[in-house]
Amino acid sequence: MYALKFNEKVCATCPSADCLLKCQYMTFEKEEAHEEMMKIVRGEDSRVLHECMTCYACEEYCRRGNHPYYLIGERREERGIYTAPRPITNQWINMTAMQGKYMVGDIKEKAISCCFLPQLAEMATGEIFKDVASSVVFGAEFMCPAVHTHFAKMSVVKERLPVVIENLTKLGIKELICLHDECYGTFTSIAPAYGMEVPFKLTYYMDFLLERMKELKGKIVPLNITVAYQRPCSNRLIPDKHHLVREILDLIGVSMPDRRYQDENSLCCAELFRPIGGYRIADDVQRRNLDDMVATGAEYCLFNCPACQDVLSEKVAKRGLQPVHIIDLCRTAIGEKEREV
Amino acid sequence: MSDILQSLKEIVGEKGVSNNPEELWFYSRDPGVLDPHFPDYVVAPRTTEEVQKIVQLANRENIPIVPMGGGMALTGLVIPLKGGIVLDMKRMNKILEVNEKARYAVVEGGTSQGVLKAYLQDHHPMLRHSLPDAPPATTIAANVSLHGQGRLTQQYGFNSDMVTGLEVVLPTGEVCRIGSPSLGPYWFSKGPTLPDLSGLFLGWLGTTGIITKLGFKLYPNKKYRDVELLVTDRVELVPDILYKLTHLEMLEDINVWFQPKPLLFAGNFHCTIYFTGDTEEEIDFKRRMVWDSVQGYLDSKDAGFMNIQYMKDMLMEMPQRGIAAFADVPKGGGFEYSGPITIIEHFPRYAAKVIELAEKYDILYASSARLISGGHSMMFSISFAFNRNDKAMMTRVKHALDEATAFSLEMGGIPWKPNYMEQKMTMEKMDPVTLKLLQMVKKNLDPQGIMNPGNWEVN
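Residue numbers (my numbering), protein chains in the order written: chain A, -3 to 337; chain B, 3 to 461.
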């Protein structure tokens, strides 16, 4: 079994305790934040183990390369602490079990991963994806298991991720374009944190998108719209990629006004807060997030994660914002899709 | 026999009667596991007068007569066990009246659930009826005559409780009106304040008369409808969870279901909770009330609400088609269920029995319970799917269903829409004085025993 590589000394000597101090759902004084984290490191009980909402953000707040979020998950599981109700936790484990119901396209050395989200396969078509669209994998056999970290089931991650890596490797894939942040984050953050080797090149889809849009620059008609961006939780695993959103938007003539809940201070879609923390916190986070989006005067709510889009589309539409995924927005900019109004 | 055929043609016209083997074949069976029995004639009347004449003919000639609606009860209730005439009521499908302010409708005895649903949507959007989760072609009269349930049963009781008046052709051929229509033009009460005679026909499965018209209650059709799905892996908690939910007195419908496939549903008991409102605020309020009512189970991590975004359309369907999908899991598209009416606190024992039977007979189960009247009872369906082309599997399902019925009787439950064998098992268990009373009713109403013989054979 793989084990988390966690450097206790890094935490012990941390000058900031930002991992907990910056947490948006728990409040700490600086000393307390440090002490609570050290309790977790030592394997002691901590209120963090009972109150953490699993937003992933501490992975971004820790600038020293440790993995506080994964450690919290490990400690919770060691103590038998369920974040969400047990039947919901087990349902997710069952739902994402490998049952041989997967889809493998005409695999070439370069392939795209749709994770366990069929809507990604519908989006990844047209001119932008013309060379890779048919080289696609989808299904539990190729799904990153990061979602189980929300339920502090790190054992499921450790059990399934090596199988996923092996399944992809067996297909002869040399480069995998991850259409979901969660996949890219899993392969580039979780896997190395647990000492798992990923024997193929990983490409984040926004890197791919940016390059393709540069190549298709001649076809771009600036959209001249404003958007509020819904940053997904899993982007916290790959914060160095966050800048790509703005670069892509600049290229297609889309402005993203500053708002309170953006960048490091982003609020996640909060739907998993519902089973973990109850409807009050989920409703409150979603309301604050949407109020903030509306206040910017944005016309569109821009999504990166299809799961966020599923959860928030109706809600943002009721507040007057058109929901759109960044891939669809790029396809609109090159005239492949009608502008949705 | 040719005289009877000719007589029937004279009553309903050439196209309203048949004894062609290919048509009799269809009327000899239903989608369940019981063996087929062929009728001698199939007749489709258009009016009460035609029904009267057919019944008079059957009475005179001593021919069995089996009134039939959609024919989808699954338990062989309209399979003509002793041959005779199958009276297909589907051409008597007129909606005769909707009284908007008194909230009732009057329809002919062959009117389908789907036709009324569409009519109300088009002409009376403020009103709805208690739609069962059966195919739209099933009829309203058949549903109430077997004490069916529907979407509003949790709030208002069995669909038969919603009846507000009946017109019945008695086995003698006389036409009788039950309730307020026996005194005047209004169909607002099936009994009170008169002696309630509707019980002579409701639940009798067409063995005491033929319903040619019926009135029944309609209810407010709210602008919004929503659903939550609570799951628990502890079956023993289900009765208490339902007690807390029904205490709210604000839920449209509650179904509790469990099934081993797909894997997503394995190991959990799912409580689908429907609620309605005229504003989004009302819906949000009710959702919060639902969550708050079970907060203790959320805190203990024993139960939680599923994110149902991707399955919401399926859950919101009326009627739901998921049952048909379940029937085809073993391929061959068959399923049947024993659906005892019982008390909610017995849910865990029934659930254990379903799983035991499925394992014993190597068959696939999917069980669902619908709450009745705010939790006073529930219909617990012990459902098994089978391949119609696999006789051995069908036999195993039949044995499992027999065992399920025996179990429910042991538990003090009442078999719902029982097949003729389950009816016998029920009568054997019944208080002898009660049985004697049933015999008196049947003997007096149908002395020749021509009405759907083989069913409720109390004599």
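Be aware that one or more of the hints could be misleading.
Stated by the list, open to error - Under 10 Å between C-beta atoms, here's a sample of chain A residues computed to sit facing chain B:
1. Glu267
2. Arg276
3. Asp279
4. Lys333
Stated by the list, open to error - Negatives, chain A to chain B, calculated, CB over 12 Å:
5. Lys5
6. Lys314
7. Glu334
Source of the hints: derived by calculation from the structure; they are not laboratory data. Predicted, not measured: the structure shown is a model, and the values here were computed from it. Glycine residues also receive a C-beta, built at the ideal position from the N, C-alpha and C atoms.
Item to check | Hints that the structure is at odds with (numbers, increasing) | outcome: When the structure is compared with the hints, numbers 4 and 6 turn out to be violated.
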